[in-house]
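> Start from the sequences and build out the full structure, keeping to the hints where you can.
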Amino acid sequence: RDVSELISDTINLPQHLTKSFSDIIYKKTGGNALFVTQFLQSLWDEGLLVFSLELNTWKWDADASDAKEIFDDVGVLMAKKIRQLPIGCQYAIKLLSCVGSKCNESILKLFMREEE
1 RDVSELISDT INLPQHLTKS FSDIIYKKTG GNALFVTQFL QSLWDEGLLV FSLELNTWKW
61 DADASDAKEI FDDVGVLMAK KIRQLPIGCQ YAIKLLSCVG SKCNESILKL FMREEE
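Note that our numbering numbers the sequence shown so that position 21 is 21, with each residue one more than the last.
Keep in mind the hints are simulated off the structure, nothing from the lab.
Please note that a few of the clues may not be correct.
[What the hints assert, rightly or not] Derived pair list, reagent style BS3-like, types lysine-lysine, alpha-carbon separation capped at 27 Å:
1. 68 to 27
2. 109 to 94
3. 94 to 80
4. 68 to 81
5. 68 to 19
[To be verified] Here are the simulated distance ranges between beta carbons:
6. 12 to 106: 35 to 43 Å
7. 107 to 23: 42 to 50 Å
8. 84 to 108: 14 to 22 Å
9. 95 to 15: 42 to 50 Å
10. 9 to 62: 13 to 21 Å
11. 75 to 31: 18 to 26 Å
12. 31 to 96: 29 to 37 Å
13. 44 to 78: 17 to 25 Å
14. 64 to 95: 36 to 44 Å
15. 41 to 15: 14 to 22 Å
16. 33 to 89: 23 to 31 Å
17. 33 to 79: 31 to 39 Å
18. 96 to 19: 40 to 48 Å
19. 34 to 90: 16 to 24 Å
Yeah, the Cβ is synthetic: ideal placement off N, Cα and C, and Gly gets one too.
Following this line, the structure appears as structure tokens:
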């Protein structure tokens with residue numbers, strides 16, 4: 001029910017219209033909200049979830065969505081996302097990972113300057 005509600009709210013369609021799509025998403029993500037959000041984003045990125053201007057509604061490819069691979073590990077999911085970033089951003093993330101959970105811009109600038 002939560003996945004159905006999340007998807008319905010995200011694409012602004014009533015739940016009865018998104019039920020079959022929500023069932024696919026639930027099956028793929030196990031209902032994990034992070035995975036649901038990331039999976040929807042990846043469907044959109046790959047053109048499997050699109051907004052039709054002509055119909056003024058969202059459309060999706062149910063078969064391709066069902067066949068799409070999903071990562072069951074947050075670390076793998078995040079690593080894939082990081083690899084899609086420009087090399088400079090990847091480098092900055094590597095530096096920041098050494099600092100801990102809190103860092104401000106001045107610390108990042110200091111690290112970046114030392115590496116030049």
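> With reference to the structure, classify each hint as holding or not holding.
To see whether the hints hold, each was checked on the structure:
no.	hint	result
1	68 to 27	11 Å, holds
2	109 to 94	14 Å, holds
3	94 to 80	14 Å, holds
4	68 to 81	16 Å, holds
5	68 to 19	18 Å, holds
6	12 to 106: 35 to 43 Å	41 Å, holds
7	107 to 23: 42 to 50 Å	46 Å, holds
8	84 to 108: 14 to 22 Å	20 Å, holds
9	95 to 15: 42 to 50 Å	44 Å, holds
10	9 to 62: 13 to 21 Å	19 Å, holds
11	75 to 31: 18 to 26 Å	19 Å, holds
12	31 to 96: 29 to 37 Å	31 Å, holds
13	44 to 78: 17 to 25 Å	18 Å, holds
14	64 to 95: 36 to 44 Å	38 Å, holds
15	41 to 15: 14 to 22 Å	20 Å, holds
16	33 to 89: 23 to 31 Å	25 Å, holds
17	33 to 79: 31 to 39 Å	20 Å, violated
18	96 to 19: 40 to 48 Å	41 Å, holds
19	34 to 90: 16 to 24 Å	21 Å, holds
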